[in-house]
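Participant: Chain by chain, the residues run as shown.
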Amino acid sequence: MEYEAVIGLEVHVQIKAESKIFTRCRAGFGYEPNTLVDPVIIGLPGALPVMNKRALDGIIKAGMALNCAIPDQCKWDRKNYFYPDSPNNYQITQYDQPICEGGYVEIELEGESRNVMGEHKKIKLTRIHLENDVGKLNHFSDDSLVDYNRAGTSLMEIVSEPDMHSGEDAFAFLTAIRQTMIYCGVSDCDMEKGQMRADANISVRPVGQKELGTKIELKNLNSITGVKNGINYEIKRQTNELRRGNVITQATWRWDADAGRTEHMRDKEDAHDYRYFPDPDLMPVKIDDEWRNRIRSEIPELPFDKQRRFMEEYELPYTITSVLVPDKKMSDYFESAAKQNPQQAQTIGNYVVNDLQRELYESGVSLDECKMTPDLLLTLVNTVDKGIITKQIAKAVFTEMYKSGETAEQVIERKGLKPDFDEDQVIAWCKEAIAENPKPVEDFKSGNEKAINALKGQVMKKSRGKANPQAVDGLLRELLS
Amino acid sequence: MSQELYYKTASELSELLEKGEVSSVELTQSVIDRTKSVDDRVRAFNSFDEADALFQAEASDKRRSENGALGPLDGIPVGIKDVLAVDGQPLTCSSKILENFVSPYDATCIQKLKQQGAVLWGRLNMDEFAMGSSTENSAMGLTSNPWNLDCVPGGSSGGSAAAVAAGETILALGSDTGGSIRQPASYCGIVGLKPTYGRVSRYGLAAFASSLDQVGPMGRSVADVAILLQGIAGHDERDSTSYDSETRSYLESMNSLEGKKWKLGLPKEYFANVSDPSAMEPIEKAVEFYKNLGCEIQEVSLPHTEYAVATYYIIATAEASSNLARYDGIRYTHRAEKFDDKDSVDIYCQSRAEGFGEEVKRRVILGTYVLSSGYYDAYYLKAQKTRTLIRQDFLNAFEEVDALLTPTSPGPAFKKGTKSDDPLEMYLSDIFTISANLAGIPGLSLPCGYSDGMPIGLQILGKPFKEEELLAIAQEFEDAHDYKNQHPNL
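Chain order of the listed sequences is P and E. Going by my numbering, the first residue of the first sequence is number 662, and it counts up by one from there. Going by my numbering, the first residue of the second sequence is number 9, and it counts up by one from there.
Read the hints as simulated data drawn from the structure, not as lab findings. It is possible that part of the hints are untrue.
What the hints assert, rightly or not - As a list, the in silico BS3-like pairs of lysine-lysine whose alpha-carbon atoms are at most 25 Å apart:
#, chain 1, residue 1, chain 2, residue 2
1, E, K390, P, K736
2, P, K797, E, K350
3, E, K393, P, K740
4, E, K423, E, K369
5, E, K350, P, K929
6, P, K740, E, K369
7, P, K947, E, K393
8, P, K989, P, K1032
9, P, K740, E, K390
10, E, K393, P, K736
Said to hold, decoys possible - A few chain P residues facing chain E, derived, Cβ under 10 Å:
#, residue
11, P706
12, F743
13, M852
All residues carry an ideal CB built from backbone N, CA and C; glycine is no exception.
Throw the hints in and build the complete structure from the sequences for me.
Facilitator: Okay, structure coming up:
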């Protein structure tokens, strides 16, 4: 019998914000433990949460970017459980009236090769809600200490429908969420830093069966690759169990990335009863059109839309867009140059994803700080386009410009890279090449187009790379006709 | 002077201070001396700091002589129920679990009192976490009723009521979740007001049941209660449930209503519930008084009254079970010395088992139960619906009348120990007060007579945010009687 897996994800994303959700207390990373706290964060007797309206902007933006509806009202509930990282021993969350409802995430599966765009799918969302994050426990040999700096910061939980079927789906889902969040400036979604955490609900059923199989909740998926591997392992494990005629019982398992396998954590009977009830300290939140419109106007063009537009408007190949688009700043850089010279967009794209990325990487400089502005890059593209220098020379010019911040002309001038020969000299080299290489000449004449490249190569060699290959091509064809 | 300073009202004292006939230091010293002479018997205070009080009094006198007073509360001692956070002072909630806790911040109402120059005076005993009706559920000791030391002062603000009645303070703050200001006020023969929910900020009030809790004033006269309410009322951005409105002078608006012919309702369900006929006599006389004054008296019905106690004990305990979860033995609370550190929950179990008293445990367990999955709809959700009906009962009644007159409690203060083994019997002593908390409306208790020498309170319930009407109605009665000048023999 064939089996198929059904997967739903619950993704927690930390929202970047200056302050915490239910107090004005500052939020941030890397501070001395327990310095970003106040009576509300520590849960002192008498302290009350008060919603920080601005803290909702981020999640509304995220929800809109993920195609959710933003209802007119959402409310706050308490989720009760005891744990030392939770100062009140309840978490403020949204049980039955979340701030974002429905929605979907557009994902791209891996293509046949890196050069080919993969299949696009829409993964439906159930909801996104906001809750306050807990503190952080640090375990030592004799005791455990808790740092409440993170407590009370905004955390959103994105809940998908059981709409995925493989680790690869989940991988693409998380990648798409991550890119969208980065584009919107809502979160950096760095899983290693705990800014994005995912749990998966996985069940397996015979193909054709409508009812879902018994689900296993899989935890401890600490990286996007971990999510893929953990889910694929768990699908195999459950499928094997079913093949052997065993029954899956509802439970929570954890992924052990080092061992490369999943292991049982706890059964369903041990699950918490969270005793949700409406938080009597907080009023429901009303969201009106004015608020929605303000946020909507702040949402940038989203990654897949940008990619489609770059491919259409600038005729960029998929390979360039797939490197360019995940980096919003790089895309903006590209576009600011490409807009001014659309005919050369592909050349510009190549410079950005190859030369610029390489130089930035090697120098450790960020795009914002680098001297090679889009306008400067255009001076280089134009000199090549006009045939002043060749593409080969341009590589060296690029590196020089990147270092000095000079225009292409200035670098060419300073370094003496401008060809110091006239057309007659090039014609002479072409004639020499034809005389010295009878075989390619014969091949070309008998219809082998590619044979001209050998002749071109010879001429370029004679000119030490300074001749304009297009001009050489033209001259050779003229002489051979 | 005809009367000891400690038994004068805040209104009188404020005038004497202004005229320079009395200093705040003299007044505060008088209150301190009185406390030292009677509190071994009354035991209203969990703790007090004499030097700190005198320091505040000195500052007040200096301020008055240099720049003038900050208002009618400047230099007046105000006792604080041990449930409100005062920066640098113990905050025990009369619980072992907070026995060593010192608050690092001020409640909003405390901050306001400080800004108006009040002399914050001591920490007043209460039922643990405000859960009780007799102050017998205190881990800090038993408070006695100044009128009869064998009787309870009521609760949960028993320390506040007893201290005001015994002259151990001029004014006091209490908190009222189901009658915890009004019932002890009636038992101790003083005036107590539970404001409309949202009138006073709850920030810094250790929560029992967030949707029912209100801080309120207690004093020996209606005017005093108006002055203290004025001092603590108003919107607070640190409490989302606080009401956003302009503050006004309750004393002035109360006086402007003098002589109005009120339409007063008698809820028939309340009068059917009185078990002690002798306790009813003063109430009936009070009703007669208003009738003679030209007020229109009519019977009204609050048909859902019989569900109030059940509704209250579901909502209050549900919220409490969650609110009290923070007292866990991890951060600032009592931590058990012995617990199994292999078992991650044992530190909670042992610390809370040692730190909480019986009644608190009972309510936490009850509240946990009613919120449990499978029971939520049957209990909590239903209670919320009933609560809406109870509120609607009152709003309907207020279509016909301005305010309601009821007994504050079914009887006078009872003997210590007589109800402490029977929680249900104890819960019923709040039967006339809890509906006001469920409905969110204001309620005031006013001394209106005695039964066997023990004070009886008349409860006046009013429209939301119409505290000045309750005060004006109460003022009429007080003006015509002498209860505010009658004090227990101690």
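Participant: Among the hints numbered above, which are violated by the structure, and what are their numbers in rising order?
Facilitator: Hint 13 is the one this structure does not satisfy, whereas the remaining hints hold.
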